[in-house]
Amino acid sequence: MIDNQRLAVSLAGLNLKNPVMPASGCFGFGREYAEFYDLNRLGAIVVKATTMEERLGNPVPRVAETPGGMLNAIGLQNPGVDEVMKTELPYLEQFKDLPVIVNVAGTEIEDYVAVSQRVSEAPNVSAIELNISCPNVKCGGITFGTDPGIAGELTAAVKKVSKVPVFVKLSPNVTDIVPIAQAVEAAGADGLSMINTLVGMRLNLKTRRPIIANGTGGLSGPAIKPVAIRMIYQVSQQVNIPIIGMGGIQNAEDVLEFIMAGASAVAVGTANFVDPFVCPNIIDELEQKMDEYGVSSIQELVGAGWK
Amino acid sequence: MIDNQRLAVSLAGLNLKNPVMPASGCFGFGREYAEFYDLNRLGAIVVKATTMEERLGNPVPRVAETPGGMLNAIGLQNPGVDEVMKTELPYLEQFKDLPVIVNVAGTEIEDYVAVSQRVSEAPNVSAIELNISCPNVKCGGITFGTDPGIAGELTAAVKKVSKVPVFVKLSPNVTDIVPIAQAVEAAGADGLSMINTLVGMRLNLKTRRPIIANGTGGLSGPAIKPVAIRMIYQVSQQVNIPIIGMGGIQNAEDVLEFIMAGASAVAVGTANFVDPFVCPNIIDELEQKMDEYGVSSIQELVGAGWK
Amino acid sequence: MRKGMATVLSNQQIVDRVFRLEVQGDLIGEMTWPGQFVHVRCGTGIDPLLRRPISICDVNVEEKILTMVYRVEGHGTKILSESVPGQPLDLLGPLGQGFPIDERKEGEHALLIGGGIGVPPLYYLGKELVKRGVKVTYVIGFGTASQVILEDELQSVGTTYVVTMDGSAGEKGLVTDVLNEGFNLEDSAWDVLYSCGPLPMLKALQDRFQPTGKEGYLSLEQRMGCGVGACLACVCQTQSPENGKKYRKVCSDGPVFPLGEVKL
Amino acid sequence: MRKGMATVLSNQQIVDRVFRLEVQGDLIGEMTWPGQFVHVRCGTGIDPLLRRPISICDVNVEEKILTMVYRVEGHGTKILSESVPGQPLDLLGPLGQGFPIDERKEGEHALLIGGGIGVPPLYYLGKELVKRGVKVTYVIGFGTASQVILEDELQSVGTTYVVTMDGSAGEKGLVTDVLNEGFNLEDSAWDVLYSCGPLPMLKALQDRFQPTGKEGYLSLEQRMGCGVGACLACVCQTQSPENGKKYRKVCSDGPVFPLGEVKL
Ligand SMILES: Cc1cc2nc3c(=O)[nH]c(=O)nc-3n(C[C@H](O)[C@H](O)[C@H](O)COP(=O)(O)OP(=O)(O)OC[C@H]3O[C@@H](n4cnc5c(N)ncnc54)[C@H](O)[C@@H]3O)c2cc1C
Ligand SMILES: Cc1cc2nc3c(=O)[nH]c(=O)nc-3n(C[C@H](O)[C@H](O)[C@H](O)COP(=O)(O)OP(=O)(O)OC[C@H]3O[C@@H](n4cnc5c(N)ncnc54)[C@H](O)[C@@H]3O)c2cc1C
Ligand SMILES: Cc1cc2nc3c(=O)[nH]c(=O)nc-3n(C[C@H](O)[C@H](O)[C@H](O)COP(=O)(O)O)c2cc1C
Ligand SMILES: Cc1cc2nc3c(=O)[nH]c(=O)nc-3n(C[C@H](O)[C@H](O)[C@H](O)COP(=O)(O)O)c2cc1C
Ligand code: FES
Ligand code: FES
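Residue numbers (our numbering), protein chains in the order written: chain V, 1 to 307; chain H, 1 to 307; chain A, 1 to 264; chain Z, 1 to 264.
Note that these hints are calculated values from the structure, not bench results. Just so you know, not all the hints are guaranteed correct.
As the list claims (entries may be wrong) - Cβ pair distances, simulated, as ranges: (1) Pro-59(V) <-> Asp-291(H): 26 to 36 Å; (2) Val-84(A) <-> Gln-182(H): 52 to 62 Å; (3) Asp-207(Z) <-> Gln-182(H): 55 to 65 Å; (4) Asn-124(V) <-> Gly-29(A): 53 to 63 Å; (5) Glu-110(H) <-> Gln-238(V): 47 to 57 Å; (6) Lys-86(V) <-> Glu-153(H): 56 to 66 Å; (7) Asp-82(H) <-> Ser-156(Z): 48 to 58 Å; (8) Glu-73(A) <-> Gln-182(H): 31 to 41 Å; (9) Glu-54(V) <-> Tyr-293(H): 33 to 43 Å; (10) Asp-38(V) <-> Glu-62(A): 50 to 60 Å; (11) Pro-59(V) <-> Asp-187(A): 30 to 40 Å.
Keep in mind that this is a model prediction, so the values were computed, not measured. All C-beta atoms, glycine included, are put in the ideal place defined by N, C-alpha and C.
Construct all of the structure, not just a fragment, from the sequences and the given hints.
See the structure below:
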């Protein structure tokens, strides 16, 4: 692979060969998509949320469709940190050129801390993404992602134990996202991921009940793109840490729009379900689109929308 | 027109022959769409936001497209309450079977009160919709729609002077919409309208600037439907006043989904731009869809999703 | 290659709301396992956004022609029903684990039970079983006579009993009723059961035959996201967790599961 | 009737990225006023969601055939460019106020200035003016020779001067340059100006001719929502508010405005 500096990005000390990674929960632990293409082509990989104990997740149906989007309430199903350390992360070691970011979730601050400490010790983990924004799990009554104080506290606690950079994944379901971003920055976060899903619902006209067994679900896909762009545009002007942008990305032009809004790299979620090749296709397409819009390098474009 | 009790709804004392009305800002003061069909076919009409003084609105471009939606930042352009009283409301008097709901906006509580008092005196105004949620206007630093206390105060002040029922139009750009709904209910609101637009943004890749001159705009259209359904489902279980539901409605099935979520009537906004006949088409289609899903009457269906 | 474009050859309504769609394309050459499915993109826009799982009903491997039979349910299948010959169709597949047939021995008797729009995959399955020298008997159930599909095709593969709930075609009742009566289909008369159909039917079959220890396979449906095992949308719980696996993914561990493996 | 379906008769690329689209339908019988536009639904889905305004380039009122010439800019026009004969096309129109021509008198001389993709509406306008005995002269400007459109068609209506920025076809420079030189197009040589094209061109024309008091009309573009005057997306400010009207709507008060009416 030719090193291409136009696409390279540096993200809180991580050097990525390109800015495109699959988003957490939309790519498992990589196994399934490795059957389609060489995962080394990706800028990085963000794996499914990992919790202390195994989680069985929510009852089915777990997904529903909406115009230009989908709802999901998977409920953090995962085999637990032990199994992830034993099976999933070692599996990813074969991809030598693939930074791994582990999405960490929990119910108590202690869970996050314990899981973060463990996964940050895995030889091939490059960063942690703290999922303080999953709308599908009642977090012990506390919604980490909507309270700047608690979000900051959690971030500080995890930072103390983590051996790798910590990204905090923010919830868009808030009146003002800026203070939360600032609180986690002040608490030591190395970067932000935004946005997680919007809380939504669909009803089944035949059964007269929510389609998703959980009731509400997280809205992802193209429908939420303008909300993501707006929030990244706002937050990136108020913090000095890099942002991994996501929410509805489908193609290379969307990537440029996110970078221009202030993201330093991007994650692609739902679009993988529509086209399993979407990440490598976007990466292939990126330079041509950069030429078209006169973009010399991704780094140069970061925040160009407001600079 | 045959009186059809299956479609009739009663809304805070207003009796509507059917539950479908155009949403504020998407139908002007009715003149333009009156060239397409007889406005008497509508359940009601919600006219453009009216303010104390004339407003010129925001610079152009004022709209941008997003996947499955659009952004707007019209900025409350309107001729002011005097002109609305003198020209627009009298124009609508020719439609004998058309309840008129006037959307009222302002910068200070006093503005809202003054405008509400005046329009509530017009002979053909059936209700007022307080727009405390317009995302495109800096409301003198106060965001009425995101603070339960201020929202309640405003509602109470307007209730004191209004001679017609007062609906309060809520903003979806909040962490928790329920306390705001409860606050305006406690302050005497006769009903709620929800949802207004989500704050979003698009960037122009060529100019590297927001497409909309105002920067951010309000996201409407099918993209926001699941967010609207979720909020109506949540709020309708916590208040005892009726809700006019809106956000992405395109067809009769969408109407049933909103009613089932807890709305007593619905407003159709952006879809008018795609098809000027969308409101009468939905009304025509409604009974057939009710038969298909075994719905005896609209009234019976209200909140069926959680009842 | 598991994603690719195929070209629509024909798309014809066979009974009310049900269409037979024939498409041709390179990746169809790999579709050799009955019971697998394809994940179909309906239209090219963002509404519908997700793909739709449709079973393989028949494959001509040499000519790379795939037949699907689908019922119009909602937005996606509606758009699919508007496909015209010559139109490209974006397919992901073949996906999932089909009906196990490699262990079948010549001379065995397989009972294939289908309900409604679950009947189509049993056609390809029956043909492949017959190729292996297995005798096939079909029992297919529908609501009413006008919904009966593929009867002639199945009849050419093996004896086919039609059952309708209102008795307007074949026997009256449910497919399981037929097994009780004089059709020589008592448990000892067959070696293996394969079934696809509505959940209540599958549940009735599992409840009845799991205790008997008979070999059998059921094909399930579940709402899907990715279709390839990555998103965990489509899970079902296992009856008795082995190797600590408390769930299965319908898209990649299934859609076909042995009798008794999952809770229904 | 102002909304209806038309049927695509042909859709052909004429130069790079520019297509000529012919459609037939009942509502086209009403399209008798040059300078009006139609609001076109591109595709049938929700992306693109909004309609696209496209000018009337030519109309055969008897046969109800409308010609549009459009350039592929983004998602909507891309989808439009994939239209095939026989396909239905959802139109809203005719919309807006076209070029005023009723006051024109036989023997007058009209100067029609077009730039780029602003040229198409001037074709129908020129034909209608000639019908009324008005002499028509065209000045049309493009970036380069390969972008020149409709030259032959316009030539058949009136003398047509082509201008390109790089001089690769016709005169080199901007359309306004030509008016300065020896083309007998000095102000006294014509009675009325009609123009459609990019904003800088319209601005240059307004700056130059407004002070002279010459009669003239400019066709503007603006991003639209409804296209019918209801949403206030497409406004422009008036130069001197009369009757307290401080703005105009491009979709319903325009797209054509008299020289000097609006700020550019
Ligand atoms: C493995 C498998 C094989 C299938 N094979 C066939 C077949 O051969 N023929 C056939 O007619 N149908 C088959 N189905 C069912 C078919 O997938 C659904 O009818 C179809 O997805 C409905 O889509 P829609 O857009 O028309 O309906 P909508 O209700 O608008 O769909 C909304 C969402 O729900 C999902 N959904 C709705 N019903 C089902 C369902 N029963 N199973 C899974 N997802 C569903 C859709 O995929 C979509 O994501 C199969 C399902 C599975 C899981
Ligand atoms: C009255 C009028 C007449 C027009 N006549 C023609 C014509 O005859 N031929 C032609 O090629 N073009 C014409 N245009 C411009 C044409 O409408 C735009 O090129 C087209 O809308 C771009 O759509 P898109 O989806 O390809 O681009 P995108 O950039 O993807 O469009 C995004 C959004 O911006 C809007 N938009 C983008 N550019 C323009 C523009 N220049 N004017 C208005 N809205 C825009 C689109 O309508 C859409 O809502 C006309 C515009 C107006 C206002
Ligand atoms: C099926 C599904 C599962 C998800 N699981 C997780 C998760 O485990 N942890 C997390 O932080 N985000 C999760 N997300 C959110 C995505 O990572 C992403 O933030 C969101 O989907 C927006 O991006 P998109 O529109 O490209 O999908 C999930 C999203 C989907 C659709
Ligand atoms: C162009 C435009 C202008 C609007 N103007 C107003 C307004 O003046 N007052 C108001 O309360 N809501 C206004 N809205 C919001 C709509 O009334 C409605 O709440 C929102 O668009 C969601 O419905 P929809 O998705 O059907 O459009 C406007 C929306 C649009 C698209
Ligand atoms: S559909 Fe994604 S795991 Fe099965
Ligand atoms: S586009 Fe709506 S007023 Fe002009």
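- Query: For this structure, which hints from the list above don't hold up?
  - Reply: 4, 5 and 10
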